[in-house]
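Please build the complete structure, drawing on both the sequences and the hints.
Single-letter residue listing:
2 protein chains.
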Amino acid sequence: MKLYSANMAPNPRRSRMALAEKGISGVEMIDIDLAGGENLKPEFRERNSLAKVPVLELDDGTCIAETAAIYRYLEEIQPEPNLMGRDAKEKALTEMWDRRIDNALLMPIGHCFQHTTGFFKDRMTPVAAWGEEAGKLAAAFLPILEQQLQKHEFVAGDHFSVADITALCSLEFGKVIQLRITEDFPAIQRWHAQMKARPSYTA
Amino acid sequence: MKLYSANMAPNPRRSRMALAEKGISGVEMIDIDLAGGENLKPEFRERNSLAKVPVLELDDGTCIAETAAIYRYLEEIQPEPNLMGRDAKEKALTEMWDRRIDNALLMPIGHCFQHTTGFFKDRMTPVAAWGEEAGKLAAAFLPILEQQLQKHEFVAGDHFSVADITALCSLEFGKVIQLRITEDFPAIQRWHAQMKARPSYTA
Chain V
1 MKLYSANMAP NPRRSRMALA EKGISGVEMI DIDLAGGENL KPEFRERNSL AKVPVLELDD
61 GTCIAETAAI YRYLEEIQPE PNLMGRDAKE KALTEMWDRR IDNALLMPIG HCFQHTTGFF
121 KDRMTPVAAW GEEAGKLAAA FLPILEQQLQ KHEFVAGDHF SVADITALCS LEFGKVIQLR
181 ITEDFPAIQR WHAQMKARPS YTA
Chain W
1 MKLYSANMAP NPRRSRMALA EKGISGVEMI DIDLAGGENL KPEFRERNSL AKVPVLELDD
61 GTCIAETAAI YRYLEEIQPE PNLMGRDAKE KALTEMWDRR IDNALLMPIG HCFQHTTGFF
121 KDRMTPVAAW GEEAGKLAAA FLPILEQQLQ KHEFVAGDHF SVADITALCS LEFGKVIQLR
181 ITEDFPAIQR WHAQMKARPS YTA
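First to last, the protein sequences are chains V and W.
Heads up: the first sequence is residues 1 to 203, going by full-length UniProt numbering.
Heads up: the second sequence is residues 1 to 203, going by full-length UniProt numbering.
FYI, nobody ran anything at the bench for these hints, they're computed from the structure.
Each hint can be trusted.
The list cannot tell twin chains apart, which means a pair is met if one copy fits it or any two copies do.
Distance condition first, Cα-Cα at most 25 Å in a straight line; then the derived BS3-like pairs of lysine-lysine: (1) 22 - 2; (2) 121 - 175; (3) 41 - 151; (4) 151 - 196; (5) 136 - 121; (6) 89 - 22; (7) 2 - 41; (8) 136 - 41; (9) 175 - 196.
Since this is a predicted model, take the numbers as computed values, not measurements.
This is the structure:
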């Protein structure tokens with residue numbers, strides 16, 4: 001397998017961390033130069049028509065885009081250690097939290113970054129006022145995450161899961177919009193320290 | 001089980017269609033008045049802190065929010081008919097297409113609607129210029145979907161899946177922003193006619 005990745009971007013990091021947590025090695029890493037627009041070229045669009053990283057390319061040439069789909073594939077080919085829940089309810093709640101963080105934290109952080117900085121203005125139309133709003137939306141999710149982590153050791157409950165990976169990569173990417181895990185969020189701080197201690201942290 | 005739903009909204013419809021495709025009956029439907037802000041009240045926020053529909057409430061009181069998580073729960077409790085793929089690759093590609101449609105079609109349609117009309121301006125800050133951009137992003141996804149449906153009978157490949165449900169609910173919701181399946185998209189038109197013929201269409 002090959003993983004088309006990019007060093008600073010949060011979604012490729014989610015995939016690399018999932019590989020590390022699963023203990024899957026031997027995946028060839030191919031770094032895509034997003035700032036230079038390598039992902040916009042026809043060769044890359046053949047792998048993902050939406051021109052985004054990560055993409056997991058299987059040995060038969062099948063290309064799997066979207067981090068959630070890569071999570072799913074890895075969970076299927078190597079069920080242990082389990083990262084997506086063990087029974088119907090646990091699976092659903094893991095999916096719920098992973099999706100919540102993706103939609104209500106990571107996506108607004110990305111929009112805030114792109115729309116306020118104009119980082120990708122060669123390929124999109126930044127709307128600064130929307131970027132500002134998106135930043136507020138991301139910040140508004142922190143109290144919800146804090147409440148969850150006050151009740152549970154991990155994001156989706158009492159087991160480590162892909163939702164922890166997504167939350168970690170989202171929150172650390174949040175630095176680009178000055179989103180900080182302040183002392184107002186002691187449970188997130190406690191959880192963050194636990195995440196940093198995992199070997200997958202540097203993946 | 002109970003489903004907290006809303007008649008005109010696309011995500012509750014996705015859940016109702018999945019229930020219908022699975023042949024799961026006896027779920028109590030509770031209509032939430034989104035325009036009137038019933039979803040913003042404390043009673044509802046106890047079920048979903050993000051104040052969104054749909055929510056599937058299990059008999060033990062567990063509340064599952066996020067349509068993708070409801071899909072997952074239904075697939076787990078009633079695997080047939082299969083809606084999310086049969087092997088690792090099929091499951092991953094189904095997830096990929098479902099997620100693509102959610103992020104690159106349904107979400108921009110929703111943003112365009114909310115930001116250009118100000119429909120929810122009592123609870124958010126509409127940014128009209130972003131709404132316009134989001135509308136363009138949604139329209140830009142149609143050629144990608146057309147290309148996929150020229151090669152495959154269904155959205156995720158050769159099997160009906162949740163990705164078809166998500167695509168149908170997204171495209172039909174697109175009417176609110178004047179997104180039309182014109183003759184430029186014959187494969188989408190062919191597929192749309194097939195979807196309308198399924199009993200789940202009116203769920």
